[in-house]
Every structure is written in structure tokens, then in C-alpha cells.
Amino acid sequence: MKGKKLLIFLTIFFLLSFIYIDFKLSNFEKDVRNEIIKMRIFRYILVITSGMVLTSSGAVMQILFKNPLLDSYVLGISGGGLFGFILSSVYFKGNLLISIFFSFFFSLLSALISLSFSSNIKSDRKVSILISGLLVNILFSSLVIILSIFSKRDITFLFYALMGSFNHIFISKNLFLYISFFVTIILTTVFIIFKSKELDIMSIDEDIASTSGVNVKKNFFFILLIIIYQTSLIVSFVGMVGFVGIIIPNILRMAGVVKSKDLISGSFLGGASLILVADFISKYSFSFEIPIGVVLSLFSLPFIFWIVKNNFE
Amino acid sequence: MVNIENLKFSYTKGKDFLKIEDLSIKENGIYSIIGENGSGKTTFLKLLSKLLEGYEGKIDLLGKDLKRIKEKEIANIISYIPQKIYLHYDFPVYDFIKYGRYSKMDLFGNLTFKDLKDINFLLEKLEIEHLKKRNCFSLSGGEMQLVQLARSIFQGGKILIMDEPFSNIDFRHRKKIIEIIQELKGEKIVLISSHDLGICFNISDTIVGLKNGKMVGIGNKDLMKNELKKIFDTEIKFIEDDGKIYFYEGV
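Chains as they are written, first to last, in my numbering: chain A, 1 to 313; chain B, 314 to 564.
Next up, chain A with everything else stripped away, as it sits in the complex (with noise of 0.2 angstroms):
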């Protein structure tokens, strides 16, 4: 990307931090500020993460299948692991690991039948995919409501878990675990951001990219893995939230952004505003908080359609 739509975008992401993080704080007491302002720190970091890996994941999702319209909610990949997560909650009460593992096992289930039903359904490979995650999707969503029904889950928890939230984390307060887990989206990032070039080349035509030397079908494989990785992460700590990863990357294709290794640099920063902005709206337009979800998923609708009109024919 250049260097000036670069410094564009990071002014207004510092200054969307200073909002959000010392918002409507001057009426309070120094001691009570500091430990608010802890807590939103926290939250914080926990938000541009999010907005970041589901970007990215995103955009590195819409290079992979070929397809403008998918991210890892749209495919099914966070239902699944949503699904795994409570599961896991239910039988090993509070154990992150073991929950984080059930997470991700079933986001690779899911991402699995999404990618077996598609090869089956006889129709434009972009609609087949949509169409198998649809399914795939309400799918998991069911089953997540129906193990929350058993479990005698309060119902709020399940609106929030459903359209995600940073109020509801959902995971105990062991720090070391946390920044062990950042840790690896980190090198996992890092990992993709070197496979840019393989990705520009697989989003060319498969048939050149074999034949300039690029191993597809194993490129293919293994780096919708780190984001099925990523993504169940993610919906372990925050729940599901969709679209952020549709909107961004087709934002930055508009604008003239097309190499793998920009779109993804971009996905942060991009991704991690707008879920910022999300956020903020989620926390303050009323008295109470809403779901994430909701916020983007209404914001997203226009852009959704937008982008269906320009790439469906």
C-alpha cells in the first residue's frame, strides 16, 4: 500500500484509541479511573485483535475460494467452533485449553462439510460455497442453541455468544494463557503475510500457479488451517461476529488495493477501526450494550448488497 493512504489510516486509528479508551471518564475519581481505564485497555486490545485476525482471515479466505462474499462466519467455520466451545464449557467446566481445542476442532468440521457439500452442489463454484456455509451455519447455530437450552445457559448468553461481544468474555482470567494465544495468532499472521506470494499467484489461475512451481492444492490446505486456527481463537474469546471481514477487504479492493500482501496489511488496520467504531457504538448509543454483531451486521447490509450486485451476475 502507499505510504500516504498508509499514515491516513493510522492517524485515524490512534485517535479512534484515545476515544475509545478515555471516553466519558472526567467525572470520575483518579483511583477508579485508572482501574476503568485497565479494564479498557484490556478490552481493547482484545477488540483490535479480533478486528484484525477476522480481516485478515477475510481477506485471505476471499483470495483462497476465489469468491468476494466469504469470511469465516459466512463459510461456517465460527459456528462450528462457537458450537465446540460451548460443548466444551457444558462438559469440562472452565478449562480454556481443552475448550480452545474443541473450538478448533470443530471449526475444521465445519469448514470440512462446507467444503464437501460444495464440491457436491452442481452450481457456480461462488454461489455453491455461499450456499453449503448458509447451511452449515444454521447448522451449528441450532445445535449451539439447543446445547444452551440443556445446560440451562442464561438466554442472554446465547444472544451474545450468538452475535459476539466483548462484554460476555467468556474465558477465565488466566493472563499467561491469553498472551501465550496472542503470541500465536502473531506468528500465525506473520506465517500468512510470508505466504502473500503464493497467495497472489493461486488468485491468478491454479493451472499457472501449479505450473510456475507454487504446490496448490497444499498451499490451499494448509493456510485455511491457520484460519480455521485463528478463528476459533477468536470466537472463544469474543463469540461470533461476521461481516467485518467482507467489508474491509472489498473496501480496499475498491480503493485500488489488489496485491495479497497489501490487502492483508490493510485488513488490519482497516478491521481493527472498524471494529473499534463498532464497538464503540455497540457500548455507548444506549443505555445498555448491544451485541456486536448486531451493529455490523446493519452497517454491513448495504455494503453486502453492493458487493453482490458488482460480482454475481
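It should be emphasised that the hints constitute simulated quantities derived from the structure, not laboratory data. The C-beta atom is built at its ideal place from N, Cα and C for all residues, glycine as well. Please note: incorrect hints may appear among the correct ones.
[What the hints assert, rightly or not] Covered stretches of chain B, as calculated for chain A (at least 3 residues, CB under 8 angstroms):
1) 389-395
2) 400-410
3) 417-427
4) 516-528
Put chain B on the given structure of chain A with help from the hints.
Same frame as chain A, but now just chain B:
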């Protein structure tokens, strides 16, 4: 340099789609493959490019068994231009060509200074310098074909495979592509599949006829012009003049 023995390939089990018993190409030059739609031209070229798996028999490229050639090695042996390229997202022309040498890139996707110089040389040679800063979506069919040709020459495969390079290309670009191919024939094996018999017969050193997945004749143009009825099941008329052959439908 290319050696094929008892090649058998099928898309559905039990039904051979392509069956070539013996074909060998020993020297550089232009080789055309002609045949009806569905006669196996594209399948044959894809098999040679290692894009289809599960064939029986033996394919040797430059003395190496195709099944044993590693991913990155194939880039130095084959340069492949598909029949039609489906670009889903826009891409810069310069990077499109640059990625031809993916196998020589370092971890960060950089090429050596010499490689970059080669790109500029090629752009100049193919007279497409003005396209350098544009994106692929804005190119015409003919321009895109030239860019693809530049990419595959830059890749440097010893065997250049072009699947229907002349379909939907205007006259000017077609002429340019033919000129470039003819320059390349001294140093590469150029394999072309085409429905344009005129071009095939007048530029090729050897013509291969395919029918229903089987080879029905191989040879130079004087030999093959008499085999046309066998390949296409219909009378094809032509006029010979000054060593060139001009085809017409005869309607």
C-alpha cells in the same frame, strides 16, 4: 526431449479418453496439435504440464520422468498458457509477469536485479512497455495474451505450451504472437493447440492430428494436408501458393 510411451488417461473409470502409444519430440521447433473439439488436445497439453494426475504410461520431459519432477523444477521445464484465464480479481501487469519466476523468488518475494532487467527487456521486445503500469482487467484480449506470453517466456520453461493462443485475438496481436513464437522456435519446444489450420500449417515444423483421443498422423505440412479428412471427418479445401497453404471452408 519429449518422450511419451503408452500414455493412457481417463476422466471416468474404464473409458480411455486419451491414448497415445508413442510420440517423441527430439528437437526444438513449433509443434501444432489439431483436432476436433473434444478430441483431447487440451487434456494432452494439461497432462504434459503435470496439471492432471492419474495417467498410465510414461511421460519423459528433458530426460526426466514427469512423475518424479518436483514442483519447483517443473517451472524450469514447462511454461504453460491456458486456453482462457479467469481472473477473479484485478492484478498489476508488471507483477503478473514478475510472478513467472516464482520458483526463483526469495522468502519476501524479491527477485534479483538481473531478473528484473530481464522483465524490462522482454517488455521492450514484445512491445508492451506501455502496459507495464496498468492492471490486467483493463487489457484487451490480445494485450492480455501478449502479457501471458511475456510471463511464460520470463518463466523460462524449455517447453512452451500454448492452449489455443489465437482464439478471440485480433489480427494485429495474432501477427505479433506468431512473430514471437517463430523467434522462439530455435531455443524452445513450442507446443500449440489450435483450430486455426492456416496458422498451424504455415508456422509449424510438425503437426500432430488427434481424433477421439488417439493420434491419427504426425508429420510436416505436406504429409498432413492429405490426412485432414481423416482427422476432421469432412472435406477441407485449401489453396497452395508460394509454399504456403490457405484453408477455406469450401461453402
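message: Need the list of violated hint numbers for this structure, in ascending order.
response: 4
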